[in-house]
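K.L.:
Below, each chain spelled out in residue letters.
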Amino acid sequence: METAIETRLQQEKAAIRKRKREILMERIFLTLSWITLLFTITVLLSILSKLFVDGLTRINWQFLTSFPSRKPELAGIFSAWVGTIYVMALTAAIALPLGIGAAVYLEEFSKRNWFTRLIELNINNLAAIPAIIYGLLGLQVFVRWFNMGESVLAGACTLAIMSLPVIIVASREALRAVPNSIREASLALGATKWQTVSNHTLPLALPGILTGTILALSRAIGEAAPLVTIGALTFIAFLPVSPLDPFTVLPIQAYNWVSRPQPEFHQNAAAALIVLLVLLLLMNSTAIYLRNRYQQRWRI
Amino acid sequence: MKTKKMVRWVYWQEKLVVMVIFSCAFVSVITTLAIAISLGVEAIGFFREVSLIRFLTEKEWTPLFSIKKFGILPLLCGTFLVAGIAMILSIPMGIIIATYLAEYASERARRFLKPVIEVLAGIPSVLYGYFALLFVTPLFQKFIPSLSGFNAFSPGIVLAFMVLPTIASLSEDIIYAVPQSIREASFALGATKLQTVFRAVLPAASSGILASCFLGFSRAIGETMLVTIAAGQMPNLTINPFEPIQTMTAYIVQVSLGDVPHGSLEYKTIFAVGLSLFLITLVFNLLGLFLRERFVRTFQRLG
Chain S
16 METAIETRLQ
26 QEKAAIRKRK
36 REILMERIFL
46 TLSWITLLFT
56 ITVLLSILSK
66 LFVDGLTRIN
76 WQFLTSFPSR
86 KPELAGIFSA
96 WVGTIYVMAL
106 TAAIALPLGI
116 GAAVYLEEFS
126 KRNWFTRLIE
136 LNINNLAAIP
146 AIIYGLLGLQ
156 VFVRWFNMGE
166 SVLAGACTLA
176 IMSLPVIIVA
186 SREALRAVPN
196 SIREASLALG
206 ATKWQTVSNH
216 TLPLALPGIL
226 TGTILALSRA
236 IGEAAPLVTI
246 GALTFIAFLP
256 VSPLDPFTVL
266 PIQAYNWVSR
276 PQPEFHQNAA
286 AALIVLLVLL
296 LLMNSTAIYL
306 RNRYQQRWRI
Chain U
522 MKTKKMVRWV
532 YWQEKLVVMV
542 IFSCAFVSVI
552 TTLAIAISLG
562 VEAIGFFREV
572 SLIRFLTEKE
582 WTPLFSIKKF
592 GILPLLCGTF
602 LVAGIAMILS
612 IPMGIIIATY
622 LAEYASERAR
632 RFLKPVIEVL
642 AGIPSVLYGY
652 FALLFVTPLF
662 QKFIPSLSGF
672 NAFSPGIVLA
682 FMVLPTIASL
692 SEDIIYAVPQ
702 SIREASFALG
712 ATKLQTVFRA
722 VLPAASSGIL
732 ASCFLGFSRA
742 IGETMLVTIA
752 AGQMPNLTIN
762 PFEPIQTMTA
772 YIVQVSLGDV
782 PHGSLEYKTI
792 FAVGLSLFLI
802 TLVFNLLGLF
812 LRERFVRTFQ
822 RLG
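Line by line, the protein sequences are chains S and U.
Note that this note's numbering gives residue 145 to position 130 of the first sequence, counting from 1, and the numbers run on in steps of one.
Note that this note's numbering gives residue 815 to position 294 of the second sequence, counting from 1, and the numbers run on in steps of one.
Isolated chain S (complex conformation) (with noise of 0.2 Å):
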């Protein structure tokens, strides 16, 4: 009697002791979980103090309407972010057609066969290759093959083909929000597929096919690998007119101060880098905005 009350005990301690202990990892991965989290906003925090510490001062009205030169005090950006915003714009007018076209098939027109799969694998395949690889592709095709030479054109048409897949998977996401209803209720009305897609769902999904849109163009606005590749030159002493004239962009220029000796340099480095990121979160804020402006909430 007496010992059956004693197994009995010695079994709850020992199942409180693991319990106990339990709690403790508990504890312990949660603690890990915090640092983890604390470790990386630190290190965010502190990549953007060393940036505006740097370059903060360096950033005036010369700064933004000069050329680049020898004499780092004397260098600007001017030719830099005017390339930057040229290249985007003309990147947007050949990557939305062809992303929203693509996203419209593969959301409502395809079939579900193998070829459609093949396609929806390539894709995400597509976006998961290294950015310099769209820059060789960019040099040889559009460089060499369709002789369009170092030029704003040639580095829009690399960084359309390298932001299309980001861009495709968005829309096909934005037009899979749209209720089915609609689509029924415009094809019990007698439209033809094209009609309900052109009328109604296209103009619903917009807003979302955009947001994506403007957050893949903000990727590839960063990237200056694939320019680089092709052979966007870092001294630019005048602004690109036609869409064939050669160019450089902020973060090219950046790349090539920090890659100098002179801490001047660099400081003009990190201003150009400022100007870059207030233009990225320029982008994100009206994507953000179109999400919050035109986004609806669907009660079906």
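Note that these hints are calculated values from the structure, not bench results.
Predicted, not measured: the structure shown is a model, and the values here were computed from it.
Each hint should be verified, as a subset may be incorrect.
What the hints assert, rightly or not - Below, in silico cross-link-like pairs of lysine-lysine (DSS-like), each with a Cα-Cα straight-line distance of 27 Å or less:
(1) S:Lys33 / U:Lys714
(2) S:Lys33 / S:Lys65
(3) S:Lys208 / U:Lys523
Start from chain S and add chain U according to the hints.
P.N.:
Showing chain U alone in chain S's frame:
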């Protein structure tokens, strides 16, 4: 008569539109073919002059010097060294963050933390390079005197934070997608929260988490500007992370910035290196996509 004409017009319009948007979707297939062809054509030209065996077995990479050696090994070694350092740090961090966000964090914390992590993915890689070269390296040099100005170590560490959003975000989606029934079954058997998370949910999500690690690794291998700026331009067959090295991507940038004439052997080298890079990332991408697909299919059946 008039209606008949209109119906015919609508019919043809429909056909035309489908053709146009089908070709838009087909652009993606053309892109893949164009990548294969454009890399392949120049790479074949390269391998006509330099045998594949020399390319894979020589231990030096000096195509721009007067004594030319064409061994890819130093570039491969540099690439994997930097990416390896990044993965050692970012895989555990990514999985911890993903598990915490998906299983423990409150809705408010999630809504604040997810965008913060994703900001890391939006920072331009030149800025990461700037940070690695001018902040991280000088900081580490205080503790490790043998660390040279260009090295594999600090870009590796910084690269970890660059691929962290990829791994954390994709893994979190996967953990979130594990069906609730699995958690409920575990609780019903008397398991605690910790046991449920670590012995039921994470094992169920393991193939998907592995997939996100593969995709993250593929991104780390292809990252260009960060390693070009901070790791150096010296092909170096070493596993010492404190020495300057050169990655495959950095070599392509180095040649692109120089005055190498079209059609020369030096020009063709970047396509041979690019093709190698493409094939390596392709293997990891396909592995990742395949595992992800398998995860999704497994749990679709469970509902």
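K.L.:
Are there hints from earlier that the structure breaks, and if so, what are their numbers?
P.N.:
2
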